[in-house]
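With the hints as extra help, turn the sequences into a complete structure.
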Amino acid sequence: MMNQLTDLFLTLAERSLQAAGLALAVLCLRALFRRAPKWIFPLLWGLVALKLLWPFTLESALCVLPALDLPPSVPTAAAGNVRQAAAPAAMVSAGIAPAQVAACVWLAGAAALIIYLLLSSIRLRLRVKNARKISKNVYEVPGLPTAFVLGLLRPRIYLPANIDEKTAACAVAHERAHIRRGDFITRPLGFLLLAVYWFNPVLWLAYALFCRDVEFACDERVARTLSPDARADYALALVFMSAPRNALRLHPTAFGGADVKNRVRQLLSRRRTWAWTAAVLLLLCAALAVGFLTSPLSKADFLRLREASTHGNTFIADFDLSLGHNAGGGMLYAELWQKGACQQSAPAMVPVTAESLHLLVTVDRADKSPRGANVQLNANPDGGTELTRFELPESLIGWSFASYQNGQKLAVSPGGDRVLAALGFDVGGGIRSMDCDTLTSDPSRLENADCLLVIRLSLQAEALPPSDSGAL
Numbered sequence: 000m001m002n003q004l005t006d007l008f009l010t011l012a013e014r015s016l017q018a019a020g021l022a023l024a025v026l027c028l029r030a031l032f033r034r035a036p037k038w039i040f041p042l043l044w045g046l047v048a049l050k051l052l053w054p055f056t057l058e059s060a061l062c063v064l065p066a067l068d069l070p071p072s073v074p075t076a077a078a079g080n081v082r083q084a085a086a087p088a089a090m091v092s093a094g095i096a097p098a099q100v101a102a103c104v105w106l107a108g109a110a111a112l113i114i115y116l117l118l119s120s121i122r123l124r125l126r127v128k129n130a131r132k133i134s135k136n137v138y139e140v141p142g143l144p145t146a147f148v149l150g151l152l153r154p155r156i157y158l159p160a161n162i163d164e165k166t167a168a169c170a171v172a173h174e175r176a177h178i179r180r181g182d183f184i185t186r187p188l189g190f191l192l193l194a195v196y197w198f199n200p201v202l203w204l205a206y207a208l209f210c211r212d213v214e215f216a217c218d219e220r221v222a223r224t225l226s227p228d229a230r231a232d233y234a235l236a237l238v239f240m241s242a243p244r245n246a247l248r249l250h251p252t253a254f255g256g257a258d259v260k261n262r263v264r265q266l267l268s269r270r271r272t273w274a275w276t277a278a279v280l281l282l283l284c285a286a287l288a289v290g291f292l293t294s295p296l297s298k299a300d301f302l303r304l305r306e307a308s309t310h311g312n313t314f315i316a317d318f319d320l321s322l323g324h325n326a327g328g329g330m331l332y333a334e335l336w337q338k339g340a341c342q343q344s345a346p347a348m349v350p351v352t353a354e355s356l357h358l359l360v361t362v363d364r365a366d367k368s369p370r371g372a373n374v375q376l377n378a379n380p381d382g383g384t385e386l387t388r389f390e391l392p393e394s395l396i397g398w399s400f401a402s403y404q405n406g407q408k409l410a411v412s413p414g415g416d417r418v419l420a421a422l423g424f425d426v427g428g429g430i431r432s433m434d435c436d437t438l439t440s441d442p443s444r445l446e447n448a449d450c451l452l453v454i455r456l457s458l459q460a461e462a463l464p465p466s467d468s469g470a471l
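Under numbering that gives the first Met the number 0, residues 0 to 471 are what the sequence shown spells out, in order.
You may find that some hints are simply not true.
SDA-like mimics (lysine to any residue), calculated; alpha carbons at most 25 Å apart, straight line [said to hold, decoys possible]:
hint, residue 1, residue 2
1, Lys135, Pro159
2, Lys408, Thr437
3, Lys408, Leu359
4, Lys338, Thr387
5, Lys165, Arg223
No lab work stands behind these hints, which were simulated from the structure alone.
Laid out in structure tokens, this is it:
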């Protein structure tokens, strides 16, 4: 459970760093195009939210984000211990890592912010429960500091009681603009995202600027329908209805909002907003989506099973190996698991120049019972065959191979393992499940193996040092 929580936190931390880069790019565009129509800036912040919400896997050469290699949640074993190094990292026993402590702190902070949001929403609901309806979806409540919209399915506008008719009309126009724009949904969603990614200070700044840009966009939308005199009345209403700094800030869209001084200046300004700036920003928005919402090209590309066949006691698997330009080769491990423990492990180096892998597993029989298994590896173009032999228990009464289908493409990333083939033996209780994808994603299945021969590949992010050992 702790490992899953830590892995989730590390994934969110990586995504938040990438989203922070996108937020800084939006911040630069916001500063460069100050005279652009204000409705476009919330769209740019929407790209940041999209990056936080969706774990994009589409790779692109135009991606501007670097691939981040965050530390694993569980430390790997020392390289000198062959048996420990051969075991999957998820199965290596370790104490409490700093990443696990950080994950617990993150979870506590996220829970506190979400609880705070829920409590403030409940408090606000209680405050308006005795509201008096004055027109369609418009209500007035004594003692409110400002006007706001509340409700996700049926949004309602709440006004302070005893305000004059002209101020009320301006407030209602502003809040209806919020409803038409969907701000009563996007702002609470933005705060929920902030609660999840609270540990990133850049995202706090992004949320504050998003809320400010939403208010500017609403003022702009209302002002397009007003005469110059009506704009002045609207600006006066904005000053009159401006909420205190800490009033109703987290959940609803309040009429007063933030940065009232600059909003009034925008309303009374006669500066022209150029249409071409909106067109340029839309193009830049598309460029940001391609550059920040995609993932960098993989360092290691794939393996493709060219041929897999079984003839008598021999299993053959030929793989085409396609390495990315930054991959540094890797290791191929042949492991014998018995009663939930790795009894024997034989590693062999896969050079960075390898173009294919040829696996050959031969099961010896004596008196119709398997006595041992031979494993061979040939890595072209370097050539050379590595060989190891596993002695099998005499009690085995059956066996079965498992691998992928011919032509199947397998993704392999640096630092990750991929089970290429498995040979399960029956000791009387039947052959346990040994699907290669399952063994790759859930190494704990190996702990349930009575007798299982596994061949897996682990690619490295950096080139391996030369080795005189050729044992597989």
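Task: Lys408 paired with Leu359 [C-alpha distance capped at 25 Å] - done: 20 Å, holds
Task: Hinted pair Lys135 and Pro159, Cα distance within 25 Å - done: 16 Å, holds
Open item on the list: Please verify whether Lys165 and Arg223 have alpha carbons no more than 25 Å apart.
Closed with: 18 Å, holds
Open item on the list: With the threshold set at 25 Å, check whether the alpha-carbon distance from Lys408 to Thr437 stays at or below it.
Closed with: Holds: Lys408 and Thr437 sit about 16 Å apart, inside 25 Å.
- [ ] Would you mind confirming whether the straight-line C-alpha gap from Lys338 to Thr387 stays at or under 25 Å?
- [x] Distance ~21 Å between Lys338 and Thr387 Cα, so the pair holds.
Checked against the numbered hints given earlier, this structure breaks none of them.
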